[in-house]
Structure formats: structure tokens, C-alpha cells
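Keeping their order, the protein sequence lines are chains A and B.
Here my numbering is used: position 62 in the first sequence is 62, and no number is missing along the way.
Plus 1000 on top of the position in the second sequence (first one is 1) and you've got my numbering.
Derived from the structure by calculation, the hints contain no laboratory data.
A few of these clues could be false.
[As the list claims (entries may be wrong)] Heads up, simulated DSS-like pairs for lysine-lysine below, C-alpha to C-alpha not over 25 Å straight-line:
id : chain 1 : residue 1 : chain 2 : residue 2
1  : A       : Lys304    : B       : Lys1228
2  : A       : Lys52     : A       : Lys229
3  : A       : Lys352    : B       : Lys1227
4  : A       : Lys78     : B       : Lys1065
5  : A       : Lys352    : A       : Lys296
6  : A       : Lys473    : A       : Lys21
7  : A       : Lys296    : A       : Lys359
8  : A       : Lys299    : B       : Lys1068
9  : B       : Lys1237   : A       : Lys299
10 : A       : Lys229    : A       : Lys296
11 : A       : Lys64     : B       : Lys1065
12 : A       : Lys397    : A       : Lys352
13 : A       : Lys296    : B       : Lys1065
14 : A       : Lys64     : A       : Lys78
15 : B       : Lys1065   : A       : Lys304
16 : A       : Lys58     : B       : Lys1044
17 : B       : Lys1228   : B       : Lys1044
18 : B       : Lys1044   : A       : Lys296
19 : A       : Lys64     : B       : Lys1068
20 : A       : Lys119    : A       : Lys64
21 : A       : Lys78     : B       : Lys1237
22 : B       : Lys1068   : A       : Lys296
23 : A       : Lys52     : A       : Lys64
24 : A       : Lys299    : B       : Lys1044
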Amino acid sequence: MAAQDTDIPQLAHPLEIPRLKCGAMAESAPYAASREHQEGLGFPGELLPDWKERALAKMEELAKRNRAFQVYLDTCVKCGACTDKCHYFIGTGDPKNMPVARQDLLRSVYRRYFTFAGKYFPKLVGARDLTEEVLDEWYSYYHQCSQCRRCSVFCPFGIDTAEISMAAREIMDVVGKGQKYCNEIIGKVHDIGNNLGLQEKALRATLEDLEEDIEEDTGISVRIPVDEKGADILLVTPSADFFAEPHIEGLLGYAKVFHEAGVSWTISSYASEAANFGLFIGSYENMRDVSLRIRKAAKDLGVKRIIFGECGHAWRVAYSYLNTLAGPWDFLDQGYPIPQHILEFTWDEIQKGSLTLDKSRNDHIRLTFHDSCNVARASGMGDEEGGQFEIPRNVIKAVCNHFHDMPRDTIKEATLCCGGGGGLLTDELMDLRVKGASPRMTALKEVTEEHGVTHLAAICAICKTQFSKVMPKFGYDMDSVLSVHQLVSNAIVLSGQDAGEGDGSETPENAPNDAIGEEV
Amino acid sequence: MLGILFAVLFYVATLVLVIGVAARIWRFARIPAPLKVPIAPAPKTSGGVVLRMFREVVFFESLFKSNKWIWLFGWTFHMSMWLVLMRHLRYFTQPVWGWVEVVQPFGTYAAFGMIFGIAGLWGRRIVVERIRYISSPSDHLMLALLGGIVFTGAMTRFVAHTDIVAVKVFMLGLLRLKVGPLPSDPFLLVHLFLVAALMIVFPVSKLLHAPGVFFSPSRNQTDNARKKRHLAPWAAKMES
Ligand code: SF4
Ligand code: SF4
């Protein structure tokens, strides 16, 4: 559906509970993966005749392989505490977007085939047969979940609908009903090394241009090295950072911080992608293969440390899974966190005093910060509990004079998704994306009204792309979303640079966001 | 005759409950959690996890943050239930343990707490559109079962006093595998029958949330993925 058709929900406050609108989003579904994209990942190219048996076999396997799947299916008491916690429910009113109802789409089938009650008393416990209609319903509603985990925070048992939707997507993949957006992108990473399918030559050319931009802007030569053997640090960052606004501004920020910190670093053309869409399709194997590219790059380049750029789900995979998927990392310097987040690095440098920062260069900005779901709820930063909330804010406050948080029940562990996460950042889902963004946008409007907030900073490539697309529909400019390291980049005074030069406040043209921004 | 019927019923119910729940726990415990998925705010140490779990099961912390009404009814129901259960220990012990004596007066009136909780939860299930939507017949039936147990139990205690001494003799007998006579008071018999029914459905119903809460990976994992490598046995096989 085209975005213009979307009736943008008018919420009185960010968490306003809508009336139920049954079937409101039943037509929403992403494009199906082609045969080629399916087979590229080892999945069948089309729905197989014995799809049902395969689906049930996969379900049984998942229940043996993943405790979360089994425990969550058995444990829900239908208390209803999660029913009003999903931004897609708030934005659409479709009851199947209530987290427990979303789980039930699969739980009902699990019960029918794998539980005593469901086998003998299906009506009593809401169990149902697996049919093609049910499969289509899964395809629709498991692609209306951004796997943001907000529901899990509020469930008395921590039941995480994201786990169920990942499992559902994996089941759909193995029966031949995959989603184009995710599977095509994962294929590109396996073949080329990044989501954009950007070849080494093009990558080098882009980064050289960016080096020139910095020099033009500041008069200082700051390097953005590629494949430099023997560098200390491997930077793994979402490929959107090479191409789209405002992502690029963040990359310039990382480069300047590294430059001032005096460390040697490099990007790898082989592992030129932090994003790992294997997470979204619930595929351990795909996620592992993508992660192993980073291991190989780190070994080949002989680096001592790995640092990740700003990306939400990538940081989840890095922080929580990289050790599992691609470890042990015994060949890296154990004196640093493995892997480390660029914000942890920058915050350390700020505390050491190695950066000269001129906050007033961001004075034209009144800022708020969007906690990205996967950073906020599924990972950490630093050694303290809650570091993933404090470290970004600490850095922001060090480079920016005007900072105001959005309402407490919409930030930190209760943060509202941007509406485009979890493999939904594709044009055909624009209607869903706009509606799903409305709670976050309503929270933003509140701080705009109260504190005159003009900009929103994010640390996730998906959030940035999603916001630059949907913010105009809520009355903000598309460049109202910023990278946190863009603010750092603005404020940083490079050694040897005279303080008046390059106030960094102008933003280069928003050029290629439309063309490739969907593929962060 | 009645005594034998209920004796058999209780032996069967106990077996089903113990074996069924043990089997589920065994299953939960054996399935690996392949990835680290603690949900924020996630503790960094195992001590922190114990504390978190304690707050969850004793105070229903997340539910409190989530929905004050459900918390009020749910928490009151569960805590009252514990008091009532503790009080019931007096029918299975001779002499009665000291602390059970202490609980006695609280446990007696906690029945009203349970009724309050059940009424509240059931009311919401019917009145609140969202919760009505997610309810199956079994969800109503479970509330009816619990309500029936509490109601008949309260009747035997507050209204139509049953010969509680005889009941205790019967129960103590069961524990020693000796079947004696049971008073044929209708409230008592319905009460005992429903309790046995509850024990039997426990392992195949949502009552599994009781053991399940301790196995939830999002709540029982320590947030230390970068420090300590976590690997499921099936995933380890991929590495060789
Ligand atoms: S909050 Fe948890 S237990 Fe309650 S209905 Fe939602 S998923 Fe089920
Ligand atoms: S994980 Fe997020 S998107 Fe999915 S059901 Fe829960 S709240 Fe909604």
C-alpha cells in the first residue's frame, strides 16, 4: 500500500489504547522471496507439497533446540498485561497485533499437535489445525512484529513475542515461504559482505570521497582506512554508514574520534557490514555464517580489537551473541571489551579528556534521544547495569547543550520502536511502518511542545532510515533525525584545526537515502 | 465407600500432578537456551538474577509496572492462596507445626482475598475488550474451577461447618496408605473433588506458569555475554 493512503493515527498520548479494529491489518504482508533468494540461503524455492509436515517437524525441532520457544508457549496465562504494549497494536488497533494474540497465532497450532489438551479438546483451549490460511495469517502478522521485545519487559514471565515471531519466520522459511526483503539482503552479505551489495572498489571510492569531504570541511586530513593489515582496531559498521544520510555523518564522527584518540583502525571490505538479518529470520545458521565473516576479517587483518558502529540489532548480535556465534576471541586483546561499541570508545576518550569538544556547535539543535529497541532491551554497554541507557546520553550531554528526554514510559527499557525494525524496513510495508511509528512520534511531539525539541538522535541504522522516511508524515523534516556521532562530529575540534573553522552544522544533501536507504 | 472413592481419586491426582509437573520441569531444564537473551533491566551477576527472580515471584514486579489492576487482583489472589495453602497443612500434620498455627488466622480470612482476586480477574476477562479477545473457554473454566474450590472451602469453614476432625483423620490416614471414612458433607465433597480435578489438569494447562516462570530465559539469564562464552551443545557440534 502506498504511504499516502495511510490514515495517520491521532493519539492523545503515546500509549493511548485503541479500540479493537478486527482485521484492520489483515491485508498487510511483505513481498515473498523469489526462488533464487530462498535457495541462496538453503531454503526451498516455493511452498512444498508436504509443507505442513515440514512445518510441524520444524516446530518440534525448535521446541527441543530453544528453551525460550518451549517455555513461552507453555507458560502464558492470558493475563492480558502485554495487550497494550505493542506499538503496532497502538498504531493499528488490530487485535492480532496484541503480543499475546500474535503468539497465539502459533501457539494455537502448537497446542493442536503437541499438547494433550489441544489434541483432545481443541475448542476448549483455542487450538486449531495448520492450514494454508493459518500460514498466510502467520506471514502477515509475524511480519507486523519488529521483534522489539517491549512486550517481554511487561510480561510477568518475560514472554518474548520476538522469539515466537523469529521461530515462525524460520518455520515459514523452511517450508518455502520466505520474505524477500530479509532473504535477499542476507544473500548479498553471504556473497559480497554487506547488505547493499557494495563491492570493494566502490567502497574504497566512497570512503576516499568522505576523506576529502572532511579535509575540505576542517582543513585536517582524517583517514578512513580499508583493509589495512596490522591496524589495531577493526571497525564493523552498518553499510548504510557508507552511503545514506544521516548515517554518513556518524561515520565521519567515528573517524574523527579515532583520529583524535590516535589509534590505528580499519574497515574490512570482506566484513563490511555490522547488520545481521539472520537474527530477524530466526536462523542461527545464517546468523552464524554472517558473524564468522567478522572473525575471518579480524584474523586476516591481524587486529587486536573490534568496535561496532551505530546499529541496533547489530549491537544485539555483537554484544549478546558474537562470543557464542564466532568466539572464542582469544586472539584479540583481552584488555578491552570484545566487541566494543563505538559509544563506549568515545565515552572513554571523553573521560580521558583526549577530545576537544565545542558544544556550542550544536546549539542550533534541541535534542532528544531515541533508545533503539535492540540496544535498550537486548544488550548492554559498559560494566554497569543500564549502561546502554546512560553512555549514549553521557556522550550526547558532552557534545550538546540542549537535551531533553521523552516521557519515561517511552524510553530506556520501555522504549517505543521506530516502527521499521525486525526486517520490516521495506517500502511495501510503509503503511504499517507509519502506524507503528505513531506512538514514538507522539512522544516526540510532547517534548517538542514542552521543550521545543527539534531533532531526534538515534544509534541504529534502521531507526535512522525509518525516521527519515516517516518523520515528514508527522510534520518534521526528514533530516530531523541525527546520528549520535554526527553530533560528536559537529562538536569535535580536531587538533591543529582553528576553532572557528568548520562548524559542522550544515548537513550535506540527502542524496541516496531513497535509493538504498531501505537496505541498511 | 465414599472414603475409598476419594482415596483413589487423590492418589491418582497426586501421581498425575507430581509426575506431570516433574516431566515438564525435566523437559524445560534439558532444553538448551542457545543464545543470551536476558531482557533489560538485566542483572550482570547471578546474585542479581536471584534477586530479580525473587522480586518477580514475590512482588510480581513486571506485572506491577505493566498494569496496576491486573497486578492488584493477581497478586492478592496468589498471596492469599499461599496463606490458605499453608493453613491447610494443619490437616496433614500431627502435631501441627508451630508456624502453621501462626498462619492459621490469616489463612482463614485469606479466602476472601482469593475471592476478591478471582472476581477481579474474571470481571476483567469479561469486561475489558482486549482481554475478552484473548480468552479461550479454558481460561474461564480455570477461573470457575478456582472459584468453585474457594467457594466450597469457605462454605465448609464459615457457613456449613464440616466435621473437620474427621476430615483430618481421613487425610492423615491417606498419608499412611490407610483409607478411612469421609464425612458426606456436600460442600466438602465438591471441594475435594475440584481440588483433585485441579491437580489433574495442572500439568496440561496454563498452571504450568508456576514452574515456567523460573525457566524463562529472558528473566533467568545473566547479562555477561561478552565475558563468558555461552554455547548450546547442539551449536557446539557445528564448530567441529
Ligand atoms: S503478559 Fe505474558 S502471560 Fe500475560 S498474556 Fe501477555 S504473554 Fe501471556
Ligand atoms: S516484540 Fe515488539 S513488535 Fe513484536 S509483539 Fe512484542 S511489542 Fe509488538
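Structure-based check of all given hints:
1. Lys304/A with Lys1228/B: holds, 19 Å
2. Lys52/A with Lys229/A: violated, 50 Å
3. Lys352/A with Lys1227/B: holds, 24 Å
4. Lys78/A with Lys1065/B: holds, 17 Å
5. Lys352/A with Lys296/A: violated, 32 Å
6. Lys473/A with Lys21/A: Holds, at about 23 Å.
7. Lys296/A with Lys359/A: Answer violated: Lys296/A to Lys359/A is near 39 Å, above 25 Å.
8. Lys299/A with Lys1068/B: Violated, at about 52 Å.
9. Lys1237/B with Lys299/A: Holds. Lys1237/B to Lys299/A sits at ~22 Å (cutoff 25 Å).
10. Lys229/A with Lys296/A: holds, 13 Å
11. Lys64/A with Lys1065/B: violated, 32 Å
12. Lys397/A with Lys352/A: Holds, at about 16 Å.
13. Lys296/A with Lys1065/B: violated, 44 Å
14. Lys64/A with Lys78/A: Since the Cα atoms of Lys64/A and Lys78/A sit roughly 24 Å apart, the hinted pair holds (cutoff 25 Å).
15. Lys1065/B with Lys304/A: violated, 43 Å
16. Lys58/A with Lys1044/B: violated, 33 Å
17. Lys1228/B with Lys1044/B: holds, 11 Å
18. Lys1044/B with Lys296/A: Between Lys1044/B and Lys296/A the Cα gap is close to 29 Å, so the pair fails against 25 Å, i.e. violated.
19. Lys64/A with Lys1068/B: Judged against 25 Å, a Cα distance of about 36 Å means the pair is violated.
20. Lys119/A with Lys64/A: holds, 19 Å
21. Lys78/A with Lys1237/B: Not OK: Lys78/A and Lys1237/B at ~37 Å, beyond 25 Å, violated.
22. Lys1068/B with Lys296/A: violated, 51 Å
23. Lys52/A with Lys64/A: holds, 19 Å
24. Lys299/A with Lys1044/B: Violated: Lys299/A and Lys1044/B sit about 29 Å apart, past 25 Å.
In this structure, the earlier hints numbered 2, 5, 7, 8, 11, 13, 15, 16, 18, 19, 21, 22 and 24 are contradicted, and the remaining ones agree with it.
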